[in-house]
Amino acid sequence: MGRDSVIGLENALADDASTHPGPFDLPTIEQLVALMSKHDLSEIDLRQGEQRICLRRGTLPATPAVLPSIAEKPAPAAAPSPRAAEPTPQSSPPRQLIEIKSPTVGTFYAQEKPTAPPYVNVGSRVTPTTIVCQIEAMKIFNEITADCSGVIVEVCVQNKEFVEYGTVLFRVDPNA
Amino acid sequence: MGRDSVIGLENALADDASTHPGPFDLPTIEQLVALMSKHDLSEIDLRQGEQRICLRRGTLPATPAVLPSIAEKPAPAAAPSPRAAEPTPQSSPPRQLIEIKSPTVGTFYAQEKPTAPPYVNVGSRVTPTTIVCQIEAMKIFNEITADCSGVIVEVCVQNKEFVEYGTVLFRVDPNA
Amino acid sequence: MFQRILIANRGEIALRVIRACKEMGIESVAVYSEADRGAPYLHLADQSICIGPGTATESYLKIPRLISAAEAADVQAIHPGYGFLSENAHFAEVCRDCKIEFIGPPPEAMHQLGNKNQARKLAKKAGVPVVPGSEGLIEKDEEALALARAMGFPVLIKAAAGGGGRGMRVARDEQTLMSGLRSARQEAESAFKDGSVYLEKYIEQPRHVEVQLLGDRSGNIVHLWERDCSLQRRHQKLVEESPAPNLPDSVRKKMCEAAVSLAKTAGYYSAGTCEFLVDKQNRFYFIEVNARIQVEHPVTELVTGIDLVKAQIRVAAGEPLPFKQRDIVHRGCAIECRINAENPAFNFRPSPGLITRWQAPGGPGVRLDTHAVTGYRVPPNYDSLVAKLLVYQPTRADAIACMRRALDEFIIEGIHTTIPIHGEIMRHPAFQAGQVDTTFIERTWMQPGK
Amino acid sequence: MFQRILIANRGEIALRVIRACKEMGIESVAVYSEADRGAPYLHLADQSICIGPGTATESYLKIPRLISAAEAADVQAIHPGYGFLSENAHFAEVCRDCKIEFIGPPPEAMHQLGNKNQARKLAKKAGVPVVPGSEGLIEKDEEALALARAMGFPVLIKAAAGGGGRGMRVARDEQTLMSGLRSARQEAESAFKDGSVYLEKYIEQPRHVEVQLLGDRSGNIVHLWERDCSLQRRHQKLVEESPAPNLPDSVRKKMCEAAVSLAKTAGYYSAGTCEFLVDKQNRFYFIEVNARIQVEHPVTELVTGIDLVKAQIRVAAGEPLPFKQRDIVHRGCAIECRINAENPAFNFRPSPGLITRWQAPGGPGVRLDTHAVTGYRVPPNYDSLVAKLLVYQPTRADAIACMRRALDEFIIEGIHTTIPIHGEIMRHPAFQAGQVDTTFIERTWMQPGK
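Chains as they are written, first to last, in my numbering: chain A, 1 to 176; chain B, 1 to 176; chain C, 1 to 450; chain D, 1 to 450.
Read the hints as simulated data drawn from the structure, not as lab findings.
Everything numeric in this text was worked out from a predicted model, so none of it was measured.
Heads up, the beta-carbon is just placed ideally off N, CA and C, and yes, glycines get one too.
Among the hints, erroneous ones may be present.
What the hints assert, rightly or not - Incomplete in silico selection of chain B near chain A, CB under 8 Å:
(1) V33
(2) L55
(3) E161
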């Protein structure tokens, strides 16, 4: 019974071993240390072939760890809060900005005609009826309006770039 | 009880193995540690060939625990709400009973010959060498010994019933 | 050969075309609506482009967006799959105008065959039997009587402006014909403000048998034998098979030849299907031509060994068919079961949602065409087909046994599917005897109560 | 026909037999070791019985327990699958003594063919070419010289007591023959305390081609054409295909006829395989007969349309083969890739464990035989085969393209598999040209460093 679970664990580790036998990194140690203090561990001892991590906490005979660079870390148990807890930060814009998305599929044109200036630039103030660009599909040019009020803070696509449905064209700050 | 959660852990570990490669698998450690504090284990020491994971909690125990004993270990601390920990309550016998399982596949015979009385009944005291039944496979009758000491509290199969490998034949109370 | 193809479709047929492209060394460009965003099959395409919201009219049916995507991706051809724009002659013409090859028949043939009356005329011209009936409207009862006597009872009285069965009557003799004409005219008058009716031969409990056609641009048109698609529910096919059970070989041959001559008359090429009704006396009547690849095309692929989608692409690229009629041999028996996200226990109500477990059958004789996987969410926006389970065996009895076995292995959790009713069909004596018609499913399983 | 069959095996072949039984209306009884307890394929059997611990010698190889299970389940026959007891004549005899039909060849034939020397004699008797060599030991150098001249260089010097390549020398001319004899004798002497050696024709970079045989009890024995299994790693087949590429039709026919005559000489029936080595001049030499169904049997099922497992069962039940040699037509091209739970990046070390994701390929031309599903744990106790991925297409080029496509679709997570190396093989020019031999894998992919 207990034995079964060991087999499972062995597999898990054997799998790891075979997958990436690279060196271990400091974040790992940091999290191990965090685990130790959080759960009041007195010792963590991990090894694989040549590699070993040995960490001890609290009132224990401090035997030197095999890997000195790592051995320095544990003593003060200056456990930084586990980074693992944090969700990976999305490259999404701050919440207060409004996105103007492409309502169709086609080619983005910033100007009415090549000679003309762009409809809008970063800093331009727009109202819902402001034309911000044209999108050409099958030789037909569709004027796109802002449909919101504020100041353009970002132009997200290049002139004459192909845009899918829903591609973000501009970002607008409604509070600026 | 500890059994179920350990098995749960087993799956979780193999699972992590696939998703979190690396020589020392943090999810693995995290779950091991969680298990330790949950069941108040003082030590986990796992190794396979070159690989080893050793975790200790609280004040150092005198002797390092061997794994099979983990299941028995949580004597005092695991007493609180053991059933709560159990995801699926197995219909397994109370812990103190010993199961005598069929070591082979065949037909169970309670008596030496039809005219003879059963080798054992409920209440019979057995020692490791006591013959408790015969199992016939291909006309060959194998005498099965108790391999434990105590009192038969249950006869789990009918005479001449077909038994698979591992079928529980008898339950023995070693403390009676 | 094309370097890059855009697939103007979704789901299993999009994946089917992607697979053909991969095997032919052609790059595939998938398009998707927001309802299909992230669908697993999209990752198998070399490129995928979002063309609109879930509503088909704003995405998979939106020609300008498809063309824009095609031009942006710089494809040489578009495969329309089935449904959506696949039989839209206008779309085919737009493609042509944009110098993009439409992988399908010529627009002219699509126009002709798309119109029921023109198709019927074409069939007659090609000497293909059509359902007998009055050429125009019935003015006087005497005409109706004469015609009914000519083509024999029972006959069907239909309102010209009719629909949904209103102004429709079945007449089994001269008496009921007279009364039927009267009541039909009244009903039509009140329903559509138009009492004009016409007459048609009524075919009782017909079988639906169709012939697979394949042609190239140099006029080589062949048939790939027939498929029996009699098992339908509300005109939705559930089970298809080839060969058609209990169909005399002479009838089978005549039907296939009729289909070819119709296709030739229409100047047809690429893949297409000619649908017939077959009555109890094994007389067949032309219904319509489906000018596209069909859902059930794999049935024919299994019994002929010919890849129809690859053939479509080659023909569109101008290649001639690599075979003549005599080279096409029909071997063994193939059956397809359509696995739909529907709940047969509740009158086949759609059952979209998250598939929490998908365990597919396998082993000898099994082919599975599906875009679904564990964790895939079936969107409510489109048709409910999630998989086509096919078997191929030497005999029909073997095929039915194999299909039963495969259905038993198939585990889908999180949504309801048509798997249970397919299991019942495969075990039904009438089906096993090949004694079914287009009314069989309704007669056998549709409880109006549910 | 049998009412109930016990399957004395595990994994994909157990499932293969269960499927055959289901389609034939026969009840199946599965046996399993504790290492296989709860495996999904067991639920597809009508009954399953635990016969021992994970160790094969205590379960799948334990005859008394298998027989007890068979008697308890009251089966009329046992299918041994491949491996384990499948070629154990004693087991076949025990079954016979217990009035249980052994689904395989007659024990007498198994005895004869199981012994390499007897098989070699039998082959000679049947006029089947064997690898030339000294009948007995080489006493004097002159004999060796004469023999080598007779059969032509290069020759292989083998220690009679040899093994693991020790006491083995390749001689390419008379000089190296003399020196080779000396060193081989010395090495053998010191290694095995026995310096006696014999001589054999050395076949350089041979191809492995085998012929599928099928016979009934009334002496009708047919071949189902050949399979090329040259792609091996340490004698473990990785890829099998039919037909054998670049094999002259005359050679192919001769080889198939040779196999049949050998089978007839041995009084063989049921399914079996006759293995040959083919040298660069397309001369073929008998190696051995595998008196059982083989892992790669589906390759032949695809190109002939004949279900070999069902045929085995029918023959065991006393039925005659329903076809003669002339009825067996070879069509198209089939390829099988063995998907093993191994890590090719680490010298194919086994990679057992929990399969966390299993997403199988599908669509046209794909057959998948596997007992694995998402959540299945591959036990470390047995061979590492988790799936057999097969494709069937009109031409070899189509088949390779289809296999590439299918391999790309195949997603397995939690364990390592041989999928990556199969992808490389299918893209390798030498394989595409059909220019591979049994040393190809080692020469191309095995880095001694790892």
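Against chain A, is B/V33 within 8 Å by beta-carbon distance?
Constraint on B/V33 satisfied, holds at 5 Å.
Checking hints one by one. Is B/L55 an interface residue toward chain A, by the C-beta closer than 8 Å rule?
Status holds, d = 6 Å.
For the restraint on B/E161, tell me whether the closest CB of chain A is nearer than 8 Å.
Given a least distance of 25 Å, the restraint on B/E161 is violated.
Comparing the model with each earlier hint shows a violation of hint 3 alone; every other hint is respected.
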